[in-house]
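The whole structure should be built from the sequences, with the hints applied where relevant.
Chains as they are written, first to last, in this note's numbering: chain D, 1 to 322; chain A, 323 to 864; chain V, 865 to 1123.
In short, the hints are calculated from the structure, not lab data. Just so you know, these numbers come straight off a predicted model, no measurement behind them. From the three backbone atoms N, C-alpha and C, an ideal C-beta is built for every residue, glycine too. Please note that the accuracy of each hint is not assured.
Said to hold, decoys possible - Beta-carbon label-pair distances, calculated as ranges:
#1 D:Ser91 to V:Val879: 24 to 34 Å
#2 A:Ser738 to V:Arg949: 58 to 68 Å
#3 V:Arg949 to D:Asp113: 34 to 44 Å
#4 D:Gly120 to A:Arg862: 29 to 39 Å
#5 D:Asp113 to V:Val879: 39 to 49 Å
#6 D:Ser91 to A:Ile368: 12 to 22 Å
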Amino acid sequence: MQATAIEVNGLRKRFGPAVALDGMTFTVQPGQVTGFVGPNGAGKSTTMRVILGLDAPDAGVALVGGQPYASIRRPMCRIGSLLDAGALQPSRSARNHLLWLAHSQGLGADRVDEVIQQAGLDAVARRRAGGYSLGMRQRLGIAAAMLGNPAAIMLDEPFNGMDPEGIVWMRGFLRALAREGRAVLVSSHLMSELQDTADHLIVVGRGKVIADTTVASLLAAASGDRVRLRTVARSQAAAVLAAAGATVAASGQDELTISGLPAERVVALLAGGAVPFAEVSAHRATLEQAYLDLTSEAVEFRPAGPVSGPGSATGPAREVAR
Amino acid sequence: MSTGTMSRPGRGAVRRSDGFGQLLHSEWIKFRTVRGWVIGMIVAAILTILLGVFAAGGGGISCQQPGRPPQTGKACLPYVPHGPGGEVVTDSFNFARQPLTGNGTITARLIALTGKHVDLSSPGGTEAGSGPGLVPGLAPWSKAGLVIKQSLHQGSAYAAMTVTGGHGVRMQWNYTGDTAGLPGRVTGTSPRWLRLTRAGDVITGYDSADGSHWTKVGTVHLAGLPATVQVGLFATSPNYSVTSQSFGGSSERGGPSEATGVFDHVRLSGAAASGRWSETAIGSGGPAALGPVSRATGFSQAHGIYTLTGSGDIAPVVPGPGSMLPTATVEQSLSGAFLGLIAIVVVATMFFTAEYRRGLIRTTFAATPHRGQVLAAKAVVGGAVAFVTGLVASVIAIAIGVPLETSQGQVVLPVSALTEARVVIGTAALLAVAAVLAVALGGALRRSAAAVTLAIVTVVLPFLLTALKLFPPAIGSWLLRVTPAAGLAIQQSIPRYPQVATTNSPAGGYYPLPPFAGFAVLCCWAAAALALAYFLMRRRDV
Amino acid sequence: MKVALHAEWTKLRTVPGPAWLLLAIVALTAGVSAAAVGATSCPPGLRCPVDPAKLSLTGVQFGQAVVAVLAVLMICSEFSNGMIRVTFAAMPARPLVLAAKASILAGLVLAAGIIAVAGSVLAGHLILPAHGFTAARGFHAVWVTYGPSMRAAAGSVLYLGLIALLSLGVAAMVRDSAVAIGAVLAVLYLFPIILAFVTNPAWQHRLERWTPTIAGLTIQATTGLRSLAISPWDGLGVLGIWAGAALLGGALTLRLRDA
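If you want it as structure tokens, here you go:
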């Protein structure tokens, strides 16, 4: 297998007056899980359909391994996809569904039995698909995507409707695929689903890319250099720190968030001013927070370069009250 | 399911056949793995057979001769003559004849051809035997002329030179052969000279307006003509019928007619010409109850003037209400194909629209980005399944229906094996192309209801409206030429003979286009629908 | 019931499909009727066994196919996109839902049928006398002045309404739109085809008396009434029995089967 990247360049598409894609551009690298996130209607599914040659863009190109999808001879052996797990003929069994797909790619029935086993569908493979639970349909969709043993795989909202156990399984599965050197593109409208899964993130909004970055740099940038302080003497602490040039905001009943000063300076200033405090910790944004910041502003995000986490050593990362 | 157990990239994918074949296989799996569709096809076959057998079995006849118990079925049938070509024929005429051994020539001048037919201007004219008055007049195919005939048996080989009521001079032979000679009617001032010459088993016909300038009309070869044949004058006249432009009811009105030919200058040369003419009414004596046939005959000769009157016809028997026999056609057992067609159209449409409805079409197009190939594969699979279904159903329907019709006393007009094969395979092909049309419409319209309605209505309704005479014949005939319903012509087993007056009802077995031309029209529609579907599928996002 | 009616009416008028189909009913029925009378003439001296009213209403044969499509889609589209569950959740009395659908459908089809049949009658009234079908030659007027013609016209409107109900009932039993439309078209057109092929008079008589379309369309007959297998209103009644049976079957199926 040669490494297969998914490249999307300058995609534009309108549905009547609505702009679905507005210059969508990104690349999905092999060997990592790329999260494709954005609010509903940001153009994620449309982009995926364009990649698969299902929708024609008004402008721009989408390439899989350097080729337009439609020109690939056995496309499912290059890139597997799962757009809609419910897209099944209800009276057809899982095995027969996979069988026609396999034959369309020149694959044999033995490969069908392989993926059925790997997807854990052995017990139900000969039952009509109409009776499957959502989780079983998702597994069937994954099995179909893996049928051609593709070097790239693309899943649209695979966590939708999954139970917690399924989500855990899906995360491990995606990571395993990336470890094997495949390019993995996973869309979601919930950043939390991708928090521990994605290596790389493409955040989209209103049909274009807002951020194209690693998870680490996104987090760092979103965290900034803010420090969280727990103290019973809020006003006193605020006065001391503001005097030293920091921006202080109350973020809870006995909590302050300080930006503009590193944690060491905060500790020194408080100690110097004899202000009592319970805890000083570097603020660490969650991916969710970072994502919300990004998408609410919907401005282009520039990676802040390598960020050292000066405060990260001083205390455990905590959830910030929002 | 554990992670990482999927085989590693680049390994494990066993590849088999490539190209369009694999796509066909894929679509075939799609078809056969939906139980409803398979059941639908089986239902289509069963309905085709059942309805065909029902239509075939619905036509029993019964009869009663005075003083005998009533009878049904075959027992009512008269002797049914078959012509040299194997077709069922009518062979009844009045014959003034004498034997001729070896070669010879007969010449005569026809100075008058007159006739009488049933009076259709009065109500009740169709009721034969109730004694409606005959009025003077000729049927278009009333005939009088010369004939050389193998024997006096009905259905034996012959060649004739004849003057007709409305189609001029004709040379006719062996029931189906017909060549035109001099046009125009015979009047006192414009008689017609006719001549037949026998040389071995080759017979040549001539006509002339003046008895000195002869024109050869035709030469026919009557295989196996014995040394001694019957030669002489004949007169006959088929049922007189009027087809009026009408709708919603039978417009066929007809009744018996008779023709009288007056000849002079009758000359027969050749060996063993006895010189004595004797009158034989060929084909009389059948149960007259079966057809309103006047049995008027008469022959007189005086002073070289021969007057011969006869009724009947020398022609192939064709289906339709005008026939003197309870005829049935091979394709009548296949009338159930209409029901089969509806079921097949439904399944073929769903074969495509179900994927649109479920969003499965995205999976299909992601697996095979060449949408034209998907369309082609679906059309081939849908068409092939319909063809096999249709073939099985047709063969069974014919195997049951034709013997059933025969046992009920219907005369199933025999056709050559090739024609029967064309009708049976053509019915299967008709269903196959209709299925392709339905697949294409399904792909183009994406909606089952619209596609099914369009496919069924365009194939079935033109036939129905024409068969039930809900439309004027001109419009009906036009509809059966240009709509997909033209394809039904492939089922027509008995050709239309110009020398036999009959109706043109498709239910009677007649279509305005020849079988393969009509089928080609249907194929054109299917091709157009495929092209439209291809065009739309290429343009559309899914 | 009032609520259900209002709900069904809202459902129907908020999608564009039904309006187009109703338009198609009018256009196809009146258009085909006009074409039929336009193409027919009775030359002087010929006897023309034509029923002028029936001829003028030929388009009903086509219009009924569109009526069937409208009726089938009214219920099958809900089954195909799953909205039927929403409908039944909102109105758990399923036969009531069917009754509401039937009422709305019948109302719309009757309204469209009145326009379509009026157009057909107008075409017959204007064209036929010019084509030789004059009162002087014994042809009845296709106009309000001749009772049986009006019976044929009014009956044709009712006929279309009953076909709609029959189709709706079949659709409620079958659920899948392709199968339903196939079944309905088979019921509409197959019996006349069988009639064309069957030569046995006993069976012909049975078909003419008891099949929905053949018996139902006797309502259009204004000539040769004595030779009809069934009288016009009785024929329409036979269609009514078919429609009622189909609706009953549909209501039972909706009640007994899971949505």
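Okay, the hints, checked on the actual structure:
no., hint, result
1, D:Ser91 to V:Val879: 24 to 34 Å, "28 Å, holds"
2, A:Ser738 to V:Arg949: 58 to 68 Å, "60 Å, holds"
3, V:Arg949 to D:Asp113: 34 to 44 Å, "36 Å, holds"
4, D:Gly120 to A:Arg862: 29 to 39 Å, "36 Å, holds"
5, D:Asp113 to V:Val879: 39 to 49 Å, "45 Å, holds"
6, D:Ser91 to A:Ile368: 12 to 22 Å, "21 Å, holds"
When the structure is compared with the earlier hints, no violation turns up for any of them.
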